[in-house]
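Chains as they are written, first to last, in the working numbering: chain A, 1 to 491; chain B, 1 to 491.
Keep in mind that the hints were calculated from the coordinates and are not lab data.
One should not assume that every hint holds.
Since the list gives no way to pick out one identical chain from another, each pair is judged satisfied if it fits inside one copy or across any two copies.
Computed cross-link-like contacts, DSS-like style, restricted to lysine-lysine with a CA-CA straight-line distance of at most 27 Å [stated by the list, open to error]:
#1 K173 - K279
#2 K339 - K37
#3 K18 - K279
#4 K100 - K339
#5 K431 - K100
#6 K270 - K13
#7 K375 - K442
#8 K173 - K295
#9 K472 - K279
#10 K431 - K18
#11 K270 - K412
#12 K279 - K13
#13 K26 - K431
#14 K157 - K13
#15 K156 - K13
#16 K160 - K173
#17 K356 - K173
#18 K173 - K290
#19 K412 - K256
There are 2 protein chains.
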Amino acid sequence: MFQSAELGHKLSKEEFAKQEPALREKLLDVQYELLEKAPFSVVIVIGGVEGGGKSETVNRLFEWLDPRHLQMHALHEPTSEEAEQPSMYRFWRRLPPRGKIGLFLGSWYSGPILDRAYGRTKDVDLDTAMNETMHFERMLTNERVLVIKFWFHLTKKAQKKRLEELEDDPRTKWRVTDLDWERFEMYSKFRKISERALRDTSTGFAPWYIVEASDPQYRYATVGNIIHDAIRKRLDAPAQNTADLTPPLVKPIDGKGILDALDLTPALPKEEYEDQLLKQQGALNFLFRKPALRKRSVIAVFEGVDAAGKGGAIRRVTGALDARSYDVIPIAAPTDEEKARPYLWRFWRHLPRRGKMAIFDRSWYGRVLVERVEKFCDEDDWMRAYGEINDFEESLAKSGAIIVKFWLQIGKDVQLQRFEERASTTFKRFKIGPEDWRNRDKWDAYQSAANEMIDRTSTEVAPWTLIEANDKYYARIKVLKTIVSTIEDSL
Amino acid sequence: MFQSAELGHKLSKEEFAKQEPALREKLLDVQYELLEKAPFSVVIVIGGVEGGGKSETVNRLFEWLDPRHLQMHALHEPTSEEAEQPSMYRFWRRLPPRGKIGLFLGSWYSGPILDRAYGRTKDVDLDTAMNETMHFERMLTNERVLVIKFWFHLTKKAQKKRLEELEDDPRTKWRVTDLDWERFEMYSKFRKISERALRDTSTGFAPWYIVEASDPQYRYATVGNIIHDAIRKRLDAPAQNTADLTPPLVKPIDGKGILDALDLTPALPKEEYEDQLLKQQGALNFLFRKPALRKRSVIAVFEGVDAAGKGGAIRRVTGALDARSYDVIPIAAPTDEEKARPYLWRFWRHLPRRGKMAIFDRSWYGRVLVERVEKFCDEDDWMRAYGEINDFEESLAKSGAIIVKFWLQIGKDVQLQRFEERASTTFKRFKIGPEDWRNRDKWDAYQSAANEMIDRTSTEVAPWTLIEANDKYYARIKVLKTIVSTIEDSL
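Please construct the entire structure, taking both the sequences and the accompanying hints into account.
Structure (structure tokens):
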């Protein structure tokens, strides 16, 4: 992959000086057009060998572009808050909104490549990490983020020369550290590993641009032009209709889904309920005081038919816990900051810290439920969401989160009865509105979306638990029992 | 202050059981009304002695209220990100949006009281801290946050009994630590210090409610009722017109302000400019590589007349720096998340970490400039903002931030000339719009607001530097020189 970046590419200072004003003007032009129209955001990744002039190039970009609408993220050690979350957390929280450009020096490639080079992982781990990365970048691309990736390359000889030059100049001497020389000694290893990583992740939607880095003028001009061309091309692209390419989802010929097969009759008498409630709440409380839980987090997702009793079930869970150990996150319409970013961004903001439980009252599954049924997003958006959500939950699980997901199901008749009851009880009057009645009219569409969701996102790390909720007592106990046993099995 | 909380207040279990359903219903009622109308947010502070049942009470509130619209913040050690910021940062970042309730267990009182009790500070430091706290709470109140503060009190005898009870019960034994007994030994000291702190901060807008904590039923019912009454009263309060109470601002009789007295003619020839530019940029770059700067941060504020050259000056500053060490934050209209919180919230989000510079292109001064002139806020809102901004900058300075503030001034004729030039240059066309022409019509109002702002917010820790900007070269060099000398003086 690196051969064509070892040809000794050069651009004379004179030639560069001649090209620079026009390059700058057209870069500003795309930057402002991007800002005004805000159809997408831009993420620029700059990786490559030490001494390859990465930060000089970034500085140059900041001179060319309007620095007010560029964000620079140089990532070193994670902060204590970041260290508790999945490795991608630090990138998610820094994603630029639409219209803006984010520059990442030190990216999601740095960790896996360094780990492999220092022998902390094996090839297969690198491949897995690169596979995740590819999923991540594909999701970004689909979510209207333009991903531009540069890899600055130097031959071993050129790297040595460059480090020596920096060391010889008293103004730049401080920049060369022992670590740089240590890494230089590992040149061939890094070259091999990087090549493997780059090959795996040079995709059609986010290809690598390998830049020969020894000549600064060549490097600046190449990077500047690629950034311009990539943004220009995307700005000028006609609106996509990728939905046409999406294969149709097929319903089972007999029309039967998982939810139809569910027997909603199980019930608990009040006395047994009260008995069980105390017992299960006690067990949950006990689990949260175990030292082992301080290193984990718990994520509970509640989805279900309107009036199925999500709120009541949630209150029976929180009732078992110290208020300091949980957060309930009700998911309503996204804010404008959330709308300007990939749809999963708003959930990354609410991940629990270690030792805590986050309870999502509705969740990222809105994408394949309400957004699908109400057509708030395109068909291909929710079609790809199944895979994106599975990836998301896998990365949560990997970082130590224990995940439980509930679908609360009631019969259509029971829903009607509860709606009417809510409308006539004072302190429940806030729980029912015209929207609930509208959703009820689309009962079948919602059920079929839910069937499909359960099918496609019940995974080993995060299976769905279906809750037969015609009887509230039965439902609440099943929720509690499931949480307790899932945590027990995970510790 | 504590006498009336040592009377042995009690509520029998039967009486409590009788009152609870009605209390719960009215609490839910105000919570939902708050949520629907969202006229303000609620911050509840719970402080007091160990063993006073603080967390049990919080748990009870979570049972009574809808936990989906309550946020609980139990604050212990600051995270590494928080430790780099002013002490109030951790509270700012957790402020609930309008319509929601935030519960703080461990608040802005905990640190100062503990510091004093352990002899790390003196009475005068406690008084200063309480004075700041009072400013903070007054600002919150004015910014439509209802602040409710509870202090749970126990006599020494009652505290001992309570700790012993907890220790004797195997289910709660784990909750009593050596630290609790250590603090118990310091009972009289804590009592004296808390009394001093509470007396200082029991204000009309945010009084303390001291609750005798030995009887749980009495405690729960008292807290529940106070919360209900406070929210109810504020919900029912007629719209305030405090602007009527604001004394008028008076212009100097001769109509002359600081800006009128400014001589805008200083200029630099191009050659000298280029020479000075290199020199000053070099000096700034050098300062950012000093180890002493790694423990400080730099905050630069750029305000000024439209087309005065803020962007150009900012680019000459950033041109001196490594892109990793600064962030430019352009301030435009607030997002909806920002609008739902006190106006300074959006700036707390962008404070620089240590070793970094944050450059604000327009800033919190918008409150007393555009918001004042365009009447986006009431007269009393911008009147009080001067003091709030001074408090804000003082707390930044205290935490180690170096602050420079620039007002760029040009003549009205020069502005016209630049507007016309911008309109006719391709890659500057984005820099001029109808709004700029509208603002120009209000030239005098903006100038008079700026005069007043400079007068009232030029403080010892954060003075304004006026930049004579008719000549761009002169202006840029003065900006750079000021930054360099301010940092030099501070290190």
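Each hint tested on the structure:
| no. | hint | verdict |
| --- | --- | --- |
| 1 | K173 - K279 | between (67 Å within a copy, 20 Å between copies) |
| 2 | K339 - K37 | both (15 Å within a copy, 23 Å between copies) |
| 3 | K18 - K279 | between (79 Å within a copy, 26 Å between copies) |
| 4 | K100 - K339 | both (14 Å within a copy, 21 Å between copies) |
| 5 | K431 - K100 | between (39 Å within a copy, 17 Å between copies) |
| 6 | K270 - K13 | between (85 Å within a copy, 23 Å between copies) |
| 7 | K375 - K442 | within (13 Å within a copy, 46 Å between copies) |
| 8 | K173 - K295 | between (43 Å within a copy, 22 Å between copies) |
| 9 | K472 - K279 | within (17 Å within a copy, 75 Å between copies) |
| 10 | K431 - K18 | between (67 Å within a copy, 26 Å between copies) |
| 11 | K270 - K412 | within (24 Å within a copy, 79 Å between copies) |
| 12 | K279 - K13 | between (78 Å within a copy, 23 Å between copies) |
| 13 | K26 - K431 | between (54 Å within a copy, 16 Å between copies) |
| 14 | K157 - K13 | within (23 Å within a copy, 83 Å between copies) |
| 15 | K156 - K13 | within (24 Å within a copy, 80 Å between copies) |
| 16 | K160 - K173 | within (14 Å within a copy, 64 Å between copies) |
| 17 | K356 - K173 | between (47 Å within a copy, 22 Å between copies) |
| 18 | K173 - K290 | between (52 Å within a copy, 14 Å between copies) |
| 19 | K412 - K256 | within (16 Å within a copy, 75 Å between copies) |
Of the numbered hints stated above, none is contradicted by the structure.
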